[in-house]
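Residue strings, one per chain:
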Amino acid sequence: MQKTYYDPADLKKFGNISEWNEELGTKFFDYYNSVFKEGALTEREKSLIALAVAHTIQCPYCIDAYTGDGLQRGITKEEMMEALHVAAAIRGGASLVHGVQMMNKVNKLEM
Amino acid sequence: MIKSLHKRESELANTKRQLEILSNGIFKNGELPKFKDKISETHLFPLRPKTLEILQINLGYMCNQTCAHCHVDAGPDRKEIMTKETMQQCLSFIKKTNAHTLDLTGGAPEMNPNFRWFVEEVSKEGITDFIVRSNLTIMLANKKYHDLPEFFKKYNIHVISSMPHWTRGKTDKQRGDGVFDKSIQVLKKLNEVGYGMPNSNLKLDLVYNPSGAFLPANQSALEKDFKKALMDDFGIQFHNLFAITNLPISRFLDYLIASENYEDYMYALVEAYNPLAVTNVMCTNTISVGYDGFLYDCDFNQMLNLKVANKVNHISEYEEESLQNRNIVISQHCYGCTAGAGSSCQGNVI
Numbered sequence: 001m002q003k004t005y006y007d008p009a010d011l012k013k014f015g016n017i018s019e020w021n022e023e024l025g026t027k028f029f030d031y032y033n034s035v036f037k038e039g040a041l042t043e044r045e046k047s048l049i050a051l052a053v054a055h056t057i058q059c060p061y062c063i064d065a066y067t068g069d070g071l072q073r074g075i076t077k078e079e080m081m082e083a084l085h086v087a088a089a090i091r092g093g094a095s096l097v098h099g100v101q102m103m104n105k106v107n108k109l110e111m
Numbered sequence: 112m113i114k115s116l117h118k119r120e121s122e123l124a125n126t127k128r129q130l131e132i133l134s135n136g137i138f139k140n141g142e143l144p145k146f147k148d149k150i151s152e153t154h155l156f157p158l159r160p161k162t163l164e165i166l167q168i169n170l171g172y173m174c175n176q177t178c179a180h181c182h183v184d185a186g187p188d189r190k191e192i193m194t195k196e197t198m199q200q201c202l203s204f205i206k207k208t209n210a211h212t213l214d215l216t217g218g219a220p221e222m223n224p225n226f227r228w229f230v231e232e233v234s235k236e237g238i239t240d241f242i243v244r245s246n247l248t249i250m251l252a253n254k255k256y257h258d259l260p261e262f263f264k265k266y267n268i269h270v271i272s273s274m275p276h277w278t279r280g281k282t283d284k285q286r287g288d289g290v291f292d293k294s295i296q297v298l299k300k301l302n303e304v305g306y307g308m309p310n311s312n313l314k315l316d317l318v319y320n321p322s323g324a325f326l327p328a329n330q331s332a333l334e335k336d337f338k339k340a341l342m343d344d345f346g347i348q349f350h351n352l353f354a355i356t357n358l359p360i361s362r363f364l365d366y367l368i369a370s371e372n373y374e375d376y377m378y379a380l381v382e383a384y385n386p387l388a389v390t391n392v393m394c395t396n397t398i399s400v401g402y403d404g405f406l407y408d409c410d411f412n413q414m415l416n417l418k419v420a421n422k423v424n425h426i427s428e429y430e431e432e433s434l435q436n437r438n439i440v441i442s443q444h445c446y447g448c449t450a451g452a453g454s455s456c457q458g459n460v461i
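If you're matching them up, the sequences are chains A and B in order. Residue numbering for the first sequence follows this note's numbering, beginning at 1 and increasing consecutively. Residue numbering for the second sequence follows this note's numbering, beginning at 112 and increasing consecutively.
Heads up, some of the hints might be wrong.
[As the list claims (entries may be wrong)] Calculated lysine to aspartate or glutamate pairs in the EDC-like style (CA-CA distance at most 16 Å, straight line):
1. 300/B with 336/B
2. 335/B with 82/A
3. 46/A with 82/A
4. 284/B with 30/A
5. 195/B with 430/B
6. 77/A with 283/B
7. 339/B with 45/A
Calculated directly from the structure, the hints in this document are not laboratory data. Bear in mind the structure is a predicted one, so any value in this text is a computation, not a measurement.
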């Protein structure tokens, strides 16, 4: 029996998802590859966004992939950590901003 | 400063041991295909030379730096150096060859006591592209090297220098404490004498080697980032950036094994294998001359002591025609030159 839900080797098999639905798999990877091409943003900027999002959604495959991708692009560990703090700030802020809703409710109900 | 593998008496100072590692394990049990089998898939074995275009001469393994990834295992403790006699043999060949590029490397080639004499003699031979691979910091290492920028200018030398990153931390980690600041100082000096400036014929190119167990990204994107950062932070200009993959030999192999990255790195190289790069790898148009005059298919084969597979294997008896008929010697380290857009001393090959 497999002892862990995640296996690093599975990342290399990502492309295999097309085997069970070639049309949608192909469309997804075409889209994915287009998204990461240089446009209004550089590939380097997109890589940093991907790294931050990877931590927000806590995807170990994505963290593995975009840490490596960032190193290849010359992104420094300082830049990577700053990007993560942006993700953490938004994620933490998203919880905290709901405090307004809590406060509204308390203020409404309390004498 | 770290010591060379030779000084440390590491088992990897023995090139046979390096070749054993590269042929055993994942390549012996079939997990990964051997390079010979991989290139055979597209009928590229045996790998054969094309017209000779580049003569790369190693003037010695002595260097003022001991970079963590150095494939030469160079350093201040290496005493191997090319003699004037061997340089004269090289000159005799340079007079005869049609190769358009001469590439002097080391170690720090400038530390060879006959370096300037050799440069002066070679420059009389009308080589189109005369390259010196300089680590930059040598120009500050001793007063006798301070005028090298002017010396290079006088002989229209094409300077190629290593610069693994535009930040101090990453550069010093790979090349030694203080190397970044000294390199910046020397790059400014080279700019001052005209090197690397737009439209200048004094060529200044930089070499990027990844500072760890990963492959380089797109060369032109890296060049853009380097140019912007070096200009914004220091006002430095250069012409081209060459992204070179670290080959799994010598001190980089030592690092890969010690950091338990060896197998993953070899997987990454094999996964990135690009058959298109094979047809343009530098061993097909280059001959590498060792400090002792022996001939190799490339600088990496030189460091693995894999001499050309030819009856003539020394510069003293060089015959271009005979060498054109040889098969190029390969092993698993060759995956380093065929990954992605390919890698050579002149950067990407496709």
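Hints versus structure:
no.	hint	result
1	300/B with 336/B	violated, 22 Å
2	335/B with 82/A	violated, 22 Å
3	46/A with 82/A	holds, 14 Å
4	284/B with 30/A	violated, 38 Å
5	195/B with 430/B	violated, 21 Å
6	77/A with 283/B	holds, 15 Å
7	339/B with 45/A	holds, 15 Å
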